[in-house]
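These protein sequence lines map, in sequence, to chains A and B.
Everything in the first sequence is counted per our numbering, starting at 1 for the first residue and increasing by one.
Everything in the second sequence is counted per our numbering, starting at 1 for the first residue and increasing by one.
Each hint should be verified, as a subset may be incorrect.
[To be verified] Cβ-to-Cβ under 8 Å is the rule here; a few derived chain A residues that face chain B:
| id | residue |
| --- | --- |
| 1 | 40 |
| 2 | 44 |
| 3 | 89 |
| 4 | 105 |
| 5 | 108 |
Think of the hints as simulated: they come from the structure by calculation, not from any bench.
Every residue, glycine too, gets a C-beta built ideally from N, C-alpha and C.
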Amino acid sequence: GAVVSQHPSWVICKSGTSVKIECRSLDFQATTMFWYRQFPKQSLMLMATSNEGSKATYEQGVEKDKFLINHASLTLSTLTVTSAHPEDSSFYICSANTGGTYNEQFFGPGTRLTVL
Amino acid sequence: GDSVTQMEGPVTLSEEAFLTINCTYTATGYPSLFWYVQYPGEGLQLLLKATKADDKGSNKGFEATYRKETTSFHLEKGSVQVSDSAVYFCALRGSTLGRLYFGRGTQLTVWP
Chain A
1 GAVVSQHPSW
11 VICKSGTSVK
21 IECRSLDFQA
31 TTMFWYRQFP
41 KQSLMLMATS
51 NEGSKATYEQ
61 GVEKDKFLIN
71 HASLTLSTLT
81 VTSAHPEDSS
91 FYICSANTGG
101 TYNEQFFGPG
111 TRLTVL
Chain B
1 GDSVTQMEGP
11 VTLSEEAFLT
21 INCTYTATGY
31 PSLFWYVQYP
41 GEGLQLLLKA
51 TKADDKGSNK
61 GFEATYRKET
71 TSFHLEKGSV
81 QVSDSAVYFC
91 ALRGSTLGRL
101 YFGRGTQLTV
111 WP
């Protein structure tokens, strides 16, 4: 199946700094990528839908100025957590649609962010 | 709107026991239904799917049948293994192209 990678797999940062997480579709072009946040022992919360070449669509309650999403190419989307605080610590997961007839969605392995 | 209600866990079973995780959904139109599995510290992997009523998805001994009359997509496995220990998510893809709606997840632990 199609492969989606995320980098880094884990990151620890100080409060007030910004962190960038990359999501790449390795063997297919993804016009649409999704960013999720997952709290411990909870389900995935969709943060935003990212379309190549256009602004991301954020879900209600997600601060667009805090979680900057850039979908610069058909294989890369980035999520930047700006001025991170301990409450931003979480597991961030991206996914990408293959498009086409089957339009399957494949998930990255996730990025564990810890803000000290 | 579209939503998924999933049986709350955790579920603890002995090896070779029968597994059922209930999932029901609410959706307009004709959604596709999915089961994803998440192993500790990892992202989600698609386990199986069904795209229309009465379809049965199956993989690795797991099965689920799309029941439109009961709006359900229950996950079953006849004989679980320790390696099946993970969190299982039921999901649907409804009217919005590509957007998935997830259930809360069910933690399964299988003891030897």
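Each hint, compared with the structure:
Interface hint status for residue 40/A: violated, as the beta-carbon distance to the closest one in chain B is roughly 11 Å, over 8 Å. For residue 44/A, the interface hint holds, since its Cβ comes within 8 Å of a Cβ in chain B; the closest pair sits about 5 Å apart. Given the 8 Å rule on beta carbons, the hint for residue 89/A is violated: about 15 Å separates it from the nearest Cβ of chain B. About 6 Å separates the beta-carbon of residue 105/A from the nearest beta-carbon of chain B, less than 8 Å, and the hint is met.
For residue 108/A, the interface hint holds, the least distance from its beta-carbon to any beta-carbon of chain B being 5 Å, beneath 8 Å.
Checked against the numbered hints above, the structure breaks hints 1, 3 and satisfies the rest.
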